[in-house]
Amino acid sequence: MHPPPVSRDSKKEKSAQRQALAGENTAQFWYDSAAKELDEALLLEKRNKNVAKNVILFLGDGMGIPSITSGRILKGQNNGQSGEETKLMMDTFPHAGLSKTYNVDHQVPDSAGTGTAYMTGVKTDMAVLGYNAAITPGVCSTTPGNEVSSVLEDSHKEGKAVGVVTTTRLNHATPGSAYAHSAYRYWYSDADLPDEAKINGCKDIAYQLYAALPNIQVALGGGRGYFRPNTTLDEEYKTNNFRTDGQELIEKWKNNMEDMGRNAKYVWNKQQFDAVDASSVDHLWGMFEPKDMNYETDRSTDGAGEPSLAEMTQKAIEILQKDEDGFFLLVEGGRIDHAHHESNAYRSLHEVISFDDAIAKAVELTSESDTLLVVTADHSHTFTLGGYTIRGNPLFGKARDDANPRTGLDGLPYTALNYGNGEGFQGGDSYSSPNEPVVREDLNTVDTGAKDYLQQSGVPLYSESHGGEDVAILARGPMSHLFHGVHQQSYVAHVMRYASCVGENKAHCENQPQTSVATEENVTFLGYNLNPSEAAGALYALFALELTFSIVIIGIGVYTVK
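So in our numbering, spot 21 of the sequence shown is number 7, and the numbers just go up one at a time.
Hints listed in this document are in silico derivations from the structure and should not be mistaken for laboratory results.
None of the hints are false.
Distance condition first, Cα-Cα at most 30 angstroms in a straight line; then the derived DSBU-like pairs of lysine-lysine:
| # | residue 1 | residue 2 |
| --- | --- | --- |
| 1 | Lys143 | Lys240 |
| 2 | Lys437 | Lys347 |
| 3 | Lys189 | Lys238 |
| 4 | Lys73 | Lys86 |
| 5 | Lys437 | Lys224 |
| 6 | Lys32 | Lys492 |
| 7 | Lys256 | Lys308 |
| 8 | Lys256 | Lys277 |
| 9 | Lys224 | Lys277 |
| 10 | Lys143 | Lys189 |
| 11 | Lys32 | Lys86 |
| 12 | Lys347 | Lys73 |
| 13 | Lys35 | Lys86 |
Quick list of simulated restraints, FRET-style, between CB atoms:
| # | residue 1 | residue 2 | range |
| --- | --- | --- | --- |
| 14 | Glu490 | Asn65 | 44 to 52 angstroms |
| 15 | Asp91 | Ser127 | 14 to 22 angstroms |
| 16 | Glu244 | Leu7 | 53 to 61 angstroms |
| 17 | Gly145 | Glu234 | 25 to 33 angstroms |
| 18 | Asp428 | His467 | 47 to 55 angstroms |
Each residue gets a CB set at the ideal place from its N, CA and C atoms; glycine is no exception.
Given only the sequences and the hints, what does the whole structure look like? Please build it.
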C-alpha cells in the first residue's frame, strides 16, 4: 500500500510544517553529504590490525534497529532538532554488520541463549547460560562436560583485568553470561534452585558471581538482595533479602578481599560510589538496588541515589586500565529490554540514549589504536516506527500529515510507535472482555507523550515479546573490520578473542603491531591507487624499463654510426 496522496491544502502548508534542515531542498546538499561520507569510507582502506590491548563490549539488551533509529530521533528532538538527522555515538563507528540471533531451539531467542552465543562463541538453547546445547535446560544432571568458557574468563586467564557493568541485577542473563554456568537463567539465588539442582551440586548464579569475584575487578549493577539471607533487611528499603541458605555473601567477599590483601570497596549508593578513588581501588563491587536498577527517567527520584550507566562505565575503565596487560569490560544497557516488555517506549528509548552516553564516555577515555569497542544487541522486540509521519513529528506524539492527524480505518488517531504484541492492546488492559467486541482506545484525549503511557499493540499479552530479526553490530578499533556482513551471533566472541589474543587461535598474535596502525596511507601513481610498497615496486619497474629502453636506443645509435 502506498502513502495517501497529498492534498492541495496540505501542499500550501508544507513550508510552515516541514522540519527540514537548511539546504535539504537542494540537490547540492545531498551531493555534499554523500561526498563527506565517501571521504570517510575511503579512509577505511587504512585498516587497524593492531592487537587489541583492551576490549569493551556494549550490549543493548533488546536494542533492535527500530530502537536505535527511534533513540536517535529522540536525542535530536531533546536538543531542539527534528531528530532524524541526528547521530548517536554508536552511529559514528566505522564498521558494521548484522547478527543472526536465533537460539539452537528457538526461532525468537531469549537473553540467556544469546548471551552465551556472543560471550562464549557457542550457540545454545533458550534459558541456558554457559553450556552448549547438549544439556537439557533446567536439568542440572545433564551439565557436566558441556561447559563453555567466556571471553571474560579467557581474558582473565591471559592476565587481563575484567569487569561487568549493567543496569539490571548482576545475576541477570546478560551479565551472567560473562561468568556463570547455569542450566536455567532464573536460578538467581539458592531460593530459586529446584531440589534436583541442589542434589546434583549446581550453584545459583549469585553464588557463582561471588565465587568469581576474586578474578573480576569491577562489578556494578543491581541485585544485592540475592547475596544476603532472607532473615536480614535491605539497607535502603528495609525489606527482606532473598537467600534461604543463611549465607551473607557480601560480607564474606569483604573478608576474603581483606585476607588476600586486596584494595577493595563495596558500595550501594551514589555517595559511596562517587567517593571511590579509582587510583587507589583495585576491586570495586557496587549494587545499588535489591533487584534491577531504576530506569534512567526515574533515577533522580531514588532516595539513596544511583550512578548513571555512563558514570559506572567511566569508573570501571579508570580502574581496569591500570592493568598493564589491558582489560575486558562488558557494559549492558539492560533496561532497554525491560521497558519494551512493558510496552513503554518512553522509558525504553531514554535508556537507549543513556546507553549511548556510556559509549561516548568510553570513546573519550580510550584510544582507537589499542581498544576494540563493539556495540550490539542480544535480540530485538516487536517495536515499530511507522505510519507515514511527517518529518519532525514528535516521537511520542500522534501521527500527523502536516497539520492533520492521521487516522486508522476505525477513524481513530494512532501513534508512530507501536508494538506487535503486549500490554497496550486496549489502552493498558491486556484483554479483559473476550466475549465482547474489541474497540481500540481513542487517543484524541490521551497524552501519548506521558512517561507511563503504553503504546498500542496488535496482540494482547501481559508482557511484550522479543523480536526475531537480525540486530546490528557496530565496531571501531583493532580488527573492527572483521565485522563486515551477516554473521552468526556466536561470531562476535571469536572476533573479540582474535583481536585481543585470548583463548584459542593465538598463533597470529606473534609479532603483531601493538600501537601503530598496520597499513599506511595509499598513494596515487600514474592514475592508480596503490599502497606505498606497491607504488615503490611500480617505480622501480618503471625505472628499469626506462633504463632498458635507453640502452636499446644507445645501441641502435652506435650501430647506425658504424
